[in-house]
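Visitor: Starting from the known structure of chain A, fit chains B, C and D onto it as the hints suggest.
Residue numbers (the working numbering), protein chains in the order written: chain A, 1 to 81; chain B, 1001 to 1081; chain C, 2001 to 2145; chain D, 3001 to 3145.
Don't read these hints as lab results, they were simulated from the structure. All residues carry an ideal CB built from backbone N, CA and C; glycine is no exception. There could be a bad hint or two in this list.
Computed footprint of chain C on chain A, listed as stretches where at least three residues anywhere in the stretch have a Cβ under 8 Å from a Cβ of chain C [unchecked claim]: (1) 9-15; (2) 47-59; (3) 68-77.
From chain A, some residues computed to sit far from chain C (all C-beta separations above 10 Å) [what the hints assert, rightly or not]: (4) S3; (5) E24; (6) R32.
If you want the building blocks of each chain, they are given just below.
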Amino acid sequence: MPSVRVLLFASYAEALGASSVDVELGPSARVRDVLESVRDRAGTVRLPPSPLVAVNEQYATLDDPVSERDEVAIIPPVAGG
Amino acid sequence: MPSVRVLLFASYAEALGASSVDVELGPSARVRDVLESVRDRAGTVRLPPSPLVAVNEQYATLDDPVSERDEVAIIPPVAGG
Amino acid sequence: MRVALVQAPIDVTAMLEEVRDRASGATTLFLGTVRDVNDGRSVEGIDYSAYEGMARRELETIGREAVERFGTEHVVIVHRIGYLALTDISIAIVVSHARRSPAMDAARYVIEEVKKRVPIWKREHYVDGTREWVDPTRGHAEARR
Amino acid sequence: MRVALVQAPIDVTAMLEEVRDRASGATTLFLGTVRDVNDGRSVEGIDYSAYEGMARRELETIGREAVERFGTEHVVIVHRIGYLALTDISIAIVVSHARRSPAMDAARYVIEEVKKRVPIWKREHYVDGTREWVDPTRGHAEARR
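Bound conformation, chain A alone (with noise of 0.2 Å):
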C-alpha cells in the first residue's frame, strides 16, 4: 500500500513524539484521511478538530488530494514574529 511521510513540529511534534509519521494512503486519499490516520496513530494524544495542513509547503484543506509523492505537514498555531 503506497504511504506519504507526514511532518510534526513544535507542540505537535513533541506530543506525538516524532517529526515526522508515515501514514498508508487508501485510493482517493485526501487531506482529512491522512488525519485520521495521524489521530489513529497518535493514540491518546489529541490533536485540534481541525489543524492546519501543509501539502508540499502549501496550506491545504480537508478535501485537497494526497498521494504518495507529496509532503504533507500538520502546522500547530504558528507564533512567527
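Guide: Structure of chains B, C and D alone, referenced to chain A:
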C-alpha cells in the same frame, strides 16, 4: 517707544531681505499689531494674510499680547521631516 | 525584495543599507525582540523553530504581496530561528518607498501577515526553568505536555 | 524620551541601541531621506533650516505627547539641519514598546506631528541650478522670489 524684535525665517527672511526686524510697540500691543508693522516695513513684499506667529517659541494667536521682552517670530509654512 | 530565515544575529544596518535608494523619501524598520515578560511570566529566552522550506516560501509570498500592494521593490524580511536571549531581534522588516504612508503601511502589513501565516513556532523558556509553546490562537501560552 | 536637532549625520544604530529594553517586544524606526525627484523636478540636495530653539521645544512637546498617548518612555526623535545630499537622513524616529501596534502608531504619530508643527524649512536644490522653498500647504514648491 518700546520695540520688539521679530524673527524671520526661510522664504520670509529671503522675501524681506532680513532675518529679523525691530518694530515699535504701541500700548497694549497684540500680535496683529506687530504683524501690521512688519507688513508696513516690508513695503511691496507680501506676507500671507494670516501667517503663523510664535511668541517666545510658542504658537500664538492674533490676539495674544506682545511686550518688549518677548521674542516674536513669523513662521513660514513648515516643511520638516 | 528579499526574504531570509537565519540562525545568526540579524544585521539591521546592512538591511537599511539594502533598501537605500535615491528614489526613496521614507524608510521604515520594524523589529520584533524578545521581551522579559509574557502573560505575566518571567521569560529568559525563546527558542524559535520553523518548517523551514515552507516558512521561506510564505515569507516570499508575503514579500511579493507587499511589493504589489504598496508599490515598492524595497522590501526585506529576515526572521531568525534558534535560541534567542532577551532583547535579541527575532524579525526585522525594512521597507523604503518614495512616500512615507505606504512605507509604514507595508511594514505593518508584513508583520501582521507573518504572524498569521508563516510556520514558525516559539517555545518560551521561563526564569523558573519551565518551557511552554506559545499558542497565539489561545491568547496565552499552551501548557507543556 | 529624547529629541535633538543636529548638523552631523544621524547615527541610526546608536538610536536603536538607545531604545533597546528587556521590556520591549517591538521597535519601530522611521527615516525621512532626501529623494531625487519632487514635483517632477530633479533634486540634487535639500538645505534644511530651523527656528532652532522653538524646533527643539516643539520636538520635545511631540515626544512627550507620544510618551503619554502610547505608553512608552522609549521615544527618540532626531532631526538634521544643514545641506543634505540624496539618500541622506533628515529625520529619524525610533520607538520601542512592549507591543507592536503602539510602537508603530507612535512612530507614525511623531512624523505626522513633526510635519505639521515643527518650525523647520527646506529649500530644494535642483539639478538645473535653481532652488525653491518647499511649501507643503500649497501642495507644490513655492516659487523662488
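Visitor: If a hint holds in the structure, say so; if it does not, say that too.
Guide: Now for the hints, and whether the structure bears them out:
1. 9-15: Per the Cβ count (5), the hint holds.
2. 47-59: It holds, with 4 qualifying residues against the three required.
3. 68-77: With 4 residues closer than 8 Å to chain C, the region 68-77 of chain A meets the three-residue bar; holds.
4. S3: holds (20 Å)
5. E24: Non-interface label on E24/A holds, nearest chain C Cβ at 23 Å vs cutoff 10 Å.
6. R32: Holds, since 20 Å exceeds 10 Å.
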